[in-house]
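Could you build all of it, start to finish, from the sequences and the hints given here?
Take a look at the letters that make up each chain.
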Amino acid sequence: MSRGISLIAFVVLGLGLMPAMSFAQERMDDTTARKMPLKIWGVQFEEFEYRYSDDDEELGSWDGDIFYGTDDLKVRWLTKGEYAVDEQAYEKLENQLVGQMPVSDFFDAKAGVRFDTPEGPDRTYGVVGITGLAPQWFEIDANLYVSEEGDTSAELDAEYELLLTNRLILAAALDATVAFSEDREIGVGKGLVSTETGLRLSYDLIDRSFSPYIGVVHERKYGDSEDFVRAEGGDAESWFAVLGARLSF
Amino acid sequence: MKTAFLAGALSLLLPVIGLAGEYNLTVDRVEIDTGDFVKTGIGYNGKSPGPVLRFKEGEKVSINVTNNLEEMTSIHWHGLILPFEQDGVPGISFPGIKPGQTFTYNFPITQSGTYWFHSHSGFQEPDGAYGAIVIEPEGREPFRYDREYVVQLTDKHPHSGDRIMRNLKMMPDYYNREQQTVGEFFSDVSAQGFMNTVKDRLAWGGMRMMKADVEDLQGFTGLINGKGPDQNWTGLFQPGERIRLRFINSSAMTYFDVRIPGLDMTVVQADGNNVQPVSVDEFRIGVAETYDVIVRPRDEKAYTIFAESMGRSGYARATLAPRDGMEAPVPELSKPARLTMADMGGMHGMDHSGMEGMESMDHSTMGEMDHSEMKGMDHAGMQDMDRSGMKGMDHSAMGHGSEMSAGGASDPFYAEGSGLVPTAANGGKFLSYADLKAQKPLYDEREATREIELRLTGNMERYTWSINGVKYEDADPIRLQYGERVRFKFVNETMMTHPMHLHGMWSMLDVGAGQFNPVKHTISVQPGTTVYMETEVDEPGQWAFHCHLSYHAAAGMFRKVIVEGGPESAQAAEADTEKAGGEA
Amino acid sequence: MSAPRIVIATLAMSVATIAMGAGSHQGGHGHGVSGGKPGEASEATRTININMHDNYYEPESIDVKAGETVRLVVSNKGSLVHEFNIGTPDMHEARQAEMTMLVQHGVIQGGTLNRGMMEMGNGHSMKQDDPNSMLLEPGGSREVVWKFTGSGDIEFACNVPGHYQAGMYGDVNFN
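Protein chains in written order, with the working numbering: chain A, 11 to 259; chain B, 47 to 630; chain C, 31 to 205.
Please note that a few of the clues may not be correct.
Said to hold, decoys possible - Here are the computed lysine-lysine pairs in the BS3-like style, where the Cα-Cα straight-line distance is at most 25 Å:
| id | chain 1 | residue 1 | chain 2 | residue 2 |
| --- | --- | --- | --- | --- |
| 1 | C | K95 | C | K67 |
| 2 | B | K93 | B | K273 |
| 3 | A | K45 | B | K486 |
| 4 | B | K486 | C | K95 |
| 5 | B | K535 | B | K347 |
| 6 | C | K107 | B | K483 |
| 7 | B | K144 | A | K49 |
Unchecked claim - To give a feel for the contact side, a few chain B residues facing chain A, derived at Cβ under 8 Å:
| id | residue |
| --- | --- |
| 8 | R212 |
| 9 | R254 |
| 10 | R288 |
| 11 | E507 |
Simulated from the structure, these hints should not be mistaken for lab results. Note that beta-carbon positions come from the ideal geometry of N, C-alpha and C, so glycine has one too.
So, in C-alpha cells, the structure goes:
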C-alpha cells in the first residue's frame with residue numbers, strides 16, 4: 011500500500027464522508043491532571059518503638075513525618091517524642107511544621123517552626139535545614155534552630171542502611187545536638203549537648219509498610235548539659251533495648 | 047444500514063472504504079485473578095484484558111465506548127493512524143469520557159497488523175484497561191501460517207497504580223528487591239578482589255546510583271492473555287503447523303525477554319509493520335511494542351513460552367501444546383541484571399553542582415573500574431573474540447557467567463559494555479533492533495528537513511522524569527510543520543530504559559538501513575545511548591509523545607506535539623476566508 | 031591477498047564443503063527422495079510459471095507426474111533477493127546454513143546480489159551454480175528445465191535467511 015495514496019484517500023474521506031466530525035474543532039489546551047504538578051502525600055515513621063533502659067525505665071518513642079505537596083514544594087509535619095510509661099509523662103515532645111523545596115539533585119532545603127511541648131517549659135524555634143542523600147548513601151538531615159529566647163542550636167541526623175538481604179536491613183542512626191548558647195531552663199548547656207546512637211535490625215514484613223525491628227539505642231549528654239541533668243538526679247547516659255516497627259503508608 | 051449503503055456506494059469510487067463495522071466496549075470495574083493474588087481493577091466488557099478487536103484494512107469502524115466507572119476514562123488505539131480527535135488522549139485529542147457517558151469513536155482503518163488499545167486516563171491502563179487489536183490486511187500477508195494467537199503480556203501488580211506512583215515518589219527503591227547486599231559484596235570480593243569491590247561500591251555510592259536499578263517496579267505477576275504462570279494460558283496446535291504469535295507488551299513498566307525453548311521464532315512484524323523475516327532464539331519486547339513471530343512446532347509435545355523480565359524479578363509463562371493440559375518444563379529465572387558504568391555514560395551532562403560536591407565521578411576512575419572487572423573474567427572464553435575485541439565486550443555479562451555467543455554479547459543499541467545487553471539463554475541468536483528491516487518501505491527515502499534533540503532526563507532519587515530537563519507540566523508543546531520530515535535524536539541521560547511512543551505518526555527507527563529502516567510506534571532508548579528516528583509529519587492535529595512506562599509518563603516524561611498546517615487548517619483557513627469575504 | 035579476501039576464500043571453501051554435503055543425496059543416482067535433476071529441454075512437456083514475491087511464491091504448489099520434465103520459468107516480482115531451490119525439507123535446512131553465511135558476508139544484501147563478491151580468483155568461487163538452486167535479484171527471471179525423478183516430500187523453497195520460515199515455500203505434488 012502506498013502511503014501517498016492512503017493519505018489522499020484519507021483526506022478525501024475526511025472531506026467527503028465526515029463533515030460532522032467538526033474538522034474545525036478548536037485545538038484544546040490540556041487542563042487534565044497530567045498537566046498539573048503531581049501531588050503526593052505520605053506518612054512515614056522511621057522509629058515507632060518501645061524502649062527498655064538499663065535502669066528499668068520504660069519509654070514509648072517515635073520519630074515520623076507526614077507530608078503533602080509536589081516536587082517543587084512540600085509541607086511536612088515532623089513529630090518526635092518520648093513518653094515515659096511509669097511517670098505517664100512526655101520526656102520529649104517535638105513537632106515541626108516546615109516547607110521543603112529542592113536545592114540540588116539530592117538535597118532539599120526546609121524552613122519552618124518547631125514546637126517543643128514536653129513536661130516543663132515549652133519552647134518555640136524557627137528552623138532552617140537541609141535534608142537529603144549524601145554520597146555513599148548516607149541519609150542526612152541537618153537543622154539550625156533559633157528559639158524564642160534567642161538561643162541557637164544545631165542538630166545533625168545521619169542514617170545508613172546495610173542490606174543483609176533485600177528484606178533484612180541493619181540501620182545505623184546517629185543524632186547529635188550542639189548548642190551555641192546555654193538554655194538552662196531546659197537543661198541545655200553550651201557545646202555538644204547530646205547524642206543518640208541506634209542500631210536496628212528490621213525485616214520488611216509487608217512491602218515497606220510494616221517492618222518490625224529490634225535494636226539498641228545509646229543516649230548520652232555531654233559537658234554542661236551532662237552536669238545539668240546530673241544535678242537534677244537524672245541519667246546522663248542510658249542504654250536501651252528497643253522493639254518496634256518502621257511504618258509507612 | 048444507510049451508512050453501510052452509502053459507504054457501499056462510495057466504495058465504487060473509493061475502494062478504501064468498502065466496509066463499516068460497529069463495535070461496543072464497556073469500561074468496567076472487574077476482578078483480576080493472577081493465580082498469585084486477586085484484586086479489583088479495570089477492564090473492558092467485564093474482563094481484563096479486554097476483547098481482541100478484529101478489524102479489516104479499509105474498514106470504517108465505529109466503536110461505542112460506555113464508561114461504567116465513577117471516574118473519567120478514555121481509550122487510545124495504540125499504533126493506529128487516525129484523525130487526532132479519535133486518538134483518545136484526554137486533554138490532547140478530546141476531553142475524555144465522563145462516567146455514564148457513551149462516546150463513539152469513528153475512524154477508517156488504513157493499515158494492518160497487530161496493535162493494542164488502552165486507557166490513557168490516570169493509571170487505568172496498569173490497573174487492567176487494555177486489549178488487543180488485530181487488523182487483517184486487504185491483500186495477502188507476505189508470510190504463511192496455519193493458525194494464530196495473540197500473546198498479550200502484562201506485569202500485574204497487587205498495588206493500584208495510584209499507590210505505586212505514591213510509593214515510588216516517597217521511596218524510589220520501594221519495589222526494588224534486587225539491591226546489592228552484604229552477601230553480594232563478599233561474593234564480588236572473592237570474584238574481583240577486595241579493593242576492586244570497594245572501589246566499585248564507592249564509585250556507585252559516590253554517584254548515589256544503584257547498579258540494581260533496572261526495574262522500578264518489582265513484585266508483579268507476569269500475565270499472558272490475563273493468565274498467571276500457574277494458570278498457564280495454552281494455545282493448541284497440530285504438529286507441523288506454522289503458528290503466528292502476536293506478542294504485545296501491555297505492561298506498565300516491564301520489558302520481557304521472550305523465548306520458546308525448542309523452537310526458532312521467525313520475526314515477521316514489529317509494531318504492526320512487516321519486517322524482513324529474521325529467525326531468532328529470543329527477543330526482548332519493550333513496553334508497548336509488538337512483535338509477530340512464526341513458529342513451527344514439529345513434535346507432538348508441549349512447548350513453554352517463557353518471558354522473563356529484563357531485571358529478572360519476575361516472569362510470564364504460557365504453553366503451546368497439541369492438547370490441553372500438557373506442559374513443558376519452565377526454566378529458572380536468570381541472575382538479576384546489573385547496570386555497568388557504561389549505562390551511566392549518558393549522565394555526564396548531569397548537574398554536578400550539588401551543594402555537597404561530586405567527587406568520585408571522573409573518567410579515570412571508570413576506566414580503572416572496567417579494567418578491574420576484567421580481571422575477574424574467565425579468559426578462556428575470550429579466545430574466539432573477533433573484530434570487536436576487548437572494547438566491544440559486555441563485561442558484566444561475562445562477569446555473571448552468561449554464555450558468550452560467537453561474536454560476543456554486544457548490540458549497537460546498547461551502550462558499549464552495558465550490563466543490559468541481552469544474550470539468548472541457549473547461546474543462540476538474540477534479536478537486536480539492528481536486525482529489523484522494513485519488508486516494504488512505507489515512504490520514499492528523503493533527507494530529514496530538520497533534527498530535534500530530545501534528551502531523556504530524570505532524577506531517580508526524586509523519581510522525576512522529564513525531557514530536556516523539563517517535566518510535562520512546565521513544558522511547551524513540540525511544534526512540527528505538516529509535510530516536514532523530522533529526525534528525532536534521543537539522548538538517554540538516565541540509567542533507565544525508556545520506550546518512547548509518538549502518537550499519530552510513524553517512527554522510523556534508524557538502524558542504518560535507509561529506506562528499509564523499520565517502521566515503529568514505540569522506540570526503546572537504552573541507558574547511555576543515542577538513538578535516532580525519523581517521522582514524516584503527515585497527520586495534522588495534536589498528539590501525545592511520551593515514555594510508555596506508566597510512572598515515568600505520569601512523572602513528566604511526556605510532551606504534546608502540535609502539527610501546524612496541513613489539510614485541516616487549510617480547510618479552516620478557507621472557511622475563515624469565506625467568512626471574512628461574507629462580512630466584507 | 032587482502033585480509034577480507036582470505037576470509038571470503040575460506041568461506042567459499044567451507045560453503046563448497048557444505049554444498050557437497052548437502053548435495054550428496056542428489057545427482058545422477060536417481061534413488062530415494064530427491065528434488066530431481068536438470069532435464070533435457072527437448073523432453074519438457076509444459077511450462078510452469080512461478081513468481082517470487084516478498085516473501086512467498088505464487089503459486090504455492092505445483093502438480094507434476096513422477097518422471098515428468100517441466101520447464102519452470104521463475105520471476106522475481108519482489109524487492110528482495112530470493113532463491114528458487116527444489117529439494118526435501120532437510121536439504122533446504124542444510125542450504126539455509128550456507129545462505130546465512132552469504133548474508134553475513136554481504137553477498138546478499140536485501141535487494142542486491144553482489145555477484146562480484148563471489149569471484150575470488152584463486153580457483154575459489156562462491157558462485158551459486160548448484161543446478162537445483164537459483165538466486166534472483168528483483169526483476170530477474172530465469173528458466174530451468176527440471177526432471178522430477180522421485181516422489182515424496184519435495185518442496186520448492188527460498189532459503190534466504192528467514193524466508194523459508196516465514197512461509198516462502200511451495201509443495202510439489204506428485205500425481
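Hint check, failures only
When the structure is compared with the hints, numbers 3, 4, 5, 10 turn out to be violated.
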